[in-house]
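Peer 1: Everything in the first sequence is counted per this note's numbering, starting at 4 for the first residue and increasing by one.
Do not rely on the hints blindly, as some may be mistaken.
To be verified - Below, simulated DSS-like cross-link-like pairs (lysine-lysine); rule was C-alpha separation at most 25 Å, straight line: (1) K108 - K69; (2) K224 - K241; (3) K69 - K241; (4) K134 - K69; (5) K134 - K91.
Think of the hints as simulated: they come from the structure by calculation, not from any bench.
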Amino acid sequence: MTVNELIQFVNGVVVDTSNLERGFLLGAGYDGDKKVAYLKILDPDTQKVYYYYDKTFHKPYCFSKKSPSELAYLRKRDDVEDIVVEEKWDPLTDSMIKVSKIITKDPLAVGGHPSEKSIRNIETCYEADIKYYENYLYDLGLIPGTFVKLENNKVQEILNEFSEEMQTALKEAMRESDEYLKKYIEEYAALLSQPFPQIKRAAIDIEVLTEVENRLPDPEKATQPIISIALAGNDGKKVVFAIRRNDVETGSAPEMPKDVELKFFDDEKQMLIEFFKEITNYPIIVTFNGDSFDMPYLYHRAQNLKIPRDAIPIVLGREIASIVHGIHIDLYKTFVNKSIQGYAFGNRYNEHTLNAISEGILGEEKVEVEGSINDLPMMNLAFYNYTDAKLTLELTSYDNDLLMKLLITLSRIARMNIEDTSRLSVSNWIRSMLINEHRRRNALIPRKEEIEQKGQEASSKAIIKGKKYQGGFVVEPLPGVHFHVVVLDFASLYPSIIKVFNLSYETVKCPHEECKTNILPNTAYWVCTKMRGMTSLLIGALRDIRVNYFKRLSKKAKSKEEKEFYNVISQALKVVLNASYGVMGFENFPFYCLPVAESTTALGRYSIQQTIEKAKSLGVTVIYGDTDSLFLKNPTEDQVKEIVDFAKEKLGIDLEVDKVYRYVAFSQRKKNYIGVYEDGSVEVKGLSGKKSHVPDFIKNVFFDVINILGKVKSPQDFEIAKEEIRKRIRKAYNDIKNRNVPLEELAFKVMLNKPIEKYTDTTPQHVKAAMLLAQKKEVKPGDIIAFVKTTTKDGVKPVEMARKDEIDVDKYIEFMESTFEQLLDALGFSFDEIIGATKLEDFFSF
DNA sequence: GCGGACTGCTTACCT
DNA sequence: ACAGGTAAGCAGTCCGCG
Numbered sequence: 004m005t006v007n008e009l010i011q012f013v014n015g016v017v018v019d020t021s022n023l024e025r026g027f028l029l030g031a032g033y034d035g036d037k038k039v040a041y042l043k044i045l046d047p048d049t050q051k052v053y054y055y056y057d058k059t060f061h062k063p064y065c066f067s068k069k070s071p072s073e074l075a076y077l078r079k080r081d082d083v084e085d086i087v088v089e090e091k092w093d094p095l096t097d098s099m100i101k102v103s104k105i106i107t108k109d110p111l112a113v114g115g116h117p118s119e120k121s122i123r124n125i126e127t128c129y130e131a132d133i134k135y136y137e138n139y140l141y142d143l144g145l146i147p148g149t150f151v152k153l154e155n156n157k158v159q160e161i162l163n164e165f166s167e168e169m170q171t172a173l174k175e176a177m178r179e180s181d182e183y184l185k186k187y188i189e190e191y192a193a194l195l196s197q198p199f200p201q202i203k204r205a206a207i208d209i210e211v212l213t214e215v216e217n218r219l220p221d222p223e224k225a226t227q228p229i230i231s232i233a234l235a236g237n238d239g240k241k242v243v244f245a246i247r248r249n250d251v252e253t254g255s256a257p258e259m260p261k262d263v264e265l266k267f268f269d270d271e272k273q274m275l276i277e278f279f280k281e282i283t284n285y286p287i288i289v290t291f292n293g294d295s296f297d298m299p300y301l302y303h304r305a306q307n308l309k310i311p312r313d314a315i316p317i318v319l320g321r322e323i324a325s326i327v328h329g330i331h332i333d334l335y336k337t338f339v340n341k342s343i344q345g346y347a348f349g350n351r352y353n354e355h356t357l358n359a360i361s362e363g364i365l366g367e368e369k370v371e372v373e374g375s376i377n378d379l380p381m382m383n384l385a386f387y388n389y390t391d392a393k394l395t396l397e398l399t400s401y402d403n404d405l406l407m408k409l410l411i412t413l414s415r416i417a418r419m420n421i422e423d424t425s426r427l428s429v430s431n432w433i434r435s436m437l438i439n440e441h442r443r444r445n446a447l448i449p450r451k452e453e454i455e456q457k458g459q460e461a462s463s464k465a466i467i468k469g470k471k472y473q474g475g476f477v478v479e480p481l482p483g484v485h486f487h488v489v490v491l492d493f494a495s496l497y498p499s500i501i502k503v504f505n506l507s508y509e510t511v512k513c514p515h516e517e518c519k520t521n522i523l524p525n526t527a528y529w530v531c532t533k534m535r536g537m538t539s540l541l542i543g544a545l546r547d548i549r550v551n552y553f554k555r556l557s558k559k560a561k562s563k564e565e566k567e568f569y570n571v572i573s574q575a576l577k578v579v580l581n582a583s584y585g586v587m588g589f590e591n592f593p594f595y596c597l598p599v600a601e602s603t604t605a606l607g608r609y610s611i612q613q614t615i616e617k618a619k620s621l622g623v624t625v626i627y628g629d630t631d632s633l634f635l636k637n638p639t640e641d642q643v644k645e646i647v648d649f650a651k652e653k654l655g656i657d658l659e660v661d662k663v664y665r666y667v668a669f670s671q672r673k674k675n676y677i678g679v680y681e682d683g684s685v686e687v688k689g690l691s692g693k694k695s696h697v698p699d700f701i702k703n704v705f706f707d708v709i710n711i712l713g714k715v716k717s718p719q720d721f722e723i724a725k726e727e728i729r730k731r732i733r734k735a736y737n738d739i740k741n742r743n744v745p746l747e748e749l750a751f752k753v754m755l756n757k758p759i760e761k762y763t764d765t766t767p768q769h770v771k772a773a774m775l776l777a778q779k780k781e782v783k784p785g786d787i788i789a790f791v792k793t794t795t796k797d798g799v800k801p802v803e804m805a806r807k808d809e810i811d812v813d814k815y816i817e818f819m820e821s822t823f824e825q826l827l828d829a830l831g832f833s834f835d836e837i838i839g840a841t842k843l844e845d846f847f848s849f
């Protein structure tokens, strides 16, 4: 059965439509049976997804530098359609060259087969590792996440109309940009300010009877019955489909919301059929781990139960699962993405479980289950199941559908299927963005090793052993307490440098003789004076549009909704910009270019050091700085202005006042300080006390002390604070000494990053604990191991296996001491003086 | 056989 | 599977020590 026939069943309509006034492009795909590319287009009015099959006769292809006659032997293959000569611009030589375009009948003829069946395995090809449907999108100029129209079988982007405010803001944003940059900024403004459509979506979650406790059933075999399925829709739909069982109690779930529909079935097959019908109402299906569990399980279970193929709306790929009537988003993959975790959600979760992520982002937790799912009373199981689906949905709907909007915006920037954007990492997004740029310039994409010819060895030496080149510069902090500190910050420093210094793989060490004298300061490289680099333009435009356009529009917004709209776009841009420099130094990135990465940080060091010199010359004390920031001690407004102007005029980079602290306390450590704002709120950076592995008990004391410090308004106040701090720490000290602390609060929580057996060089404490734990239950990479320090043989025990009397009290006192030392150091008092080291015995008399 | 100095491994943080 | 820089704790090693 072809995808086409399937869809006809699912939607009950002929889906290969030729006319649609305003559709929303979800993505592209390839139909292996019809051998043709297709688009999935959502009609926002009906919430139905139409398939548009290519009618431009687009074919798979790749390029070779050999002549067609040298490649003539390929013509004998029946999967090769034609070989034609094309002229393309070669970025590395800055010249037009002739290449052979090998056109095939099947994407597998280009690549994807492990053998000689794929041409890229037998010839040195160009652009042969781009997925066929990606090529289709680039070549037709279509962008997933945007609005398109279908008119007489032609598909076209619908361009955005600009309001007056947007026009004005755009002019303002482009004021300082060069001619080249302006074009890009205008395009991005139009692309990214498109509205977000309302799309129906539902989160689903299944429960399966387990054979062996604590072991996940095999989704390929799907031998065990599905006993419950929950669905939570953004239209308010809440359903649990469950099997009526006699072997467990009915149970009760008083917390279950009244509006959850409960549909009980005697027959599993009937349940699945009903469920499949229900989900076809939702063009977006959301799961947590659906790619590797729920979707393949449902699919194979349905097959085992002899449900006809055309009643199963699931399409399984090699690693991803999709749905016929729309798209499937597996949130697990989205939340594992480091850029999403860090830049979009501020590292509010560390562990990649539904529970940990929900807790971090929503402040809600899963329902706890003791023992096996198998023995759970029916109602309790339904409630547990429903809660998971609800949390999954909420992760996409919280903050006004923030995540969905981010994914759509990122798809627009990356020009990538929404399904792919949600699963792939930032280097893939940027790769796609750059490939598209090459296509529209008719540029041949160099092979990776050709770019690497530019330089394999760095000219700077990394400070950290094993790293390739030197990074940011950190100023030695001036220890002590400093009142009225102004923090200056280069606005997205590295993207600015890439923009201002024209950094790109083809412009750094460009082929022109006359550019060789144009040396980049603080580096061993020259940069092109004749052409604007591609990454410089793209990253530069993204930077300018974020800083000068969306951020300004957000400040001027008239409504909350408008403000939020601009903030989402700004946030998505931040994610891409923050990674834009890093990918240049990432070996597996297809446009990896060490000279570009190295120049970026070298120019960063140059910028901050020049600015420090300027500050010094004005008599301003720089008490600290890290990569792109400078902490100034009690500067005048004029001094600040002069430094900011210097950066703009002499370096061409925006330097802004980021924050003003009432006071800052530094120890002698870098990346380690507390800053107190005028309103008494406190920012803690790098101190052990805030680190996630620290036992809750110590963390609580730490933050109590921080709160006390927030109340300090003048140097005199420290005396009072000191007394309060002393009391708080003494109490904690006593509690530990007297074993008055619950075990859980003493647990260190450290992540296991690899399987236990891979720790061959050393056996850290959390691994020792994990080994003990492994005797009782499965321990996997990514798990957080909770352990306490004990006086037993290994020195540690998993918290659930330890007793209070085994706790190594002295180790905890030691740990507490070093944690507070960082803080007390900076304030000029010591732990000993707080505790009163000579009076230790006093505490035992309590 | 033990302790101190040292290095390397590991994790979590900062930009 | 974006980068490098820093802090901290602990594991393991080397060396001296009659």
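Peer 1: None of the hints should be skipped; say for each whether it holds.
Peer 2: Okay, the hints, checked on the actual structure:
1. Straight-line distance between C-alpha atoms of K108 and K69 comes to about 20 Å, which keeps the hinted pair within the 25 Å bound.
2. For the given pair, K224 sits about 29 Å from K241 by alpha-carbon distance, which is inconsistent with the 25 Å threshold.
3. For a cut-off of 25 Å, the pair hint linking K69 to K241 is broken: about 60 Å separates their Cα positions.
4. Between the alpha carbons of K134 and K69 the distance comes to roughly 22 Å, so the proposed pair stays at or under 25 Å and holds.
5. Straight-line distance between C-alpha atoms of K134 and K91 comes to about 21 Å, which keeps the hinted pair within the 25 Å bound.
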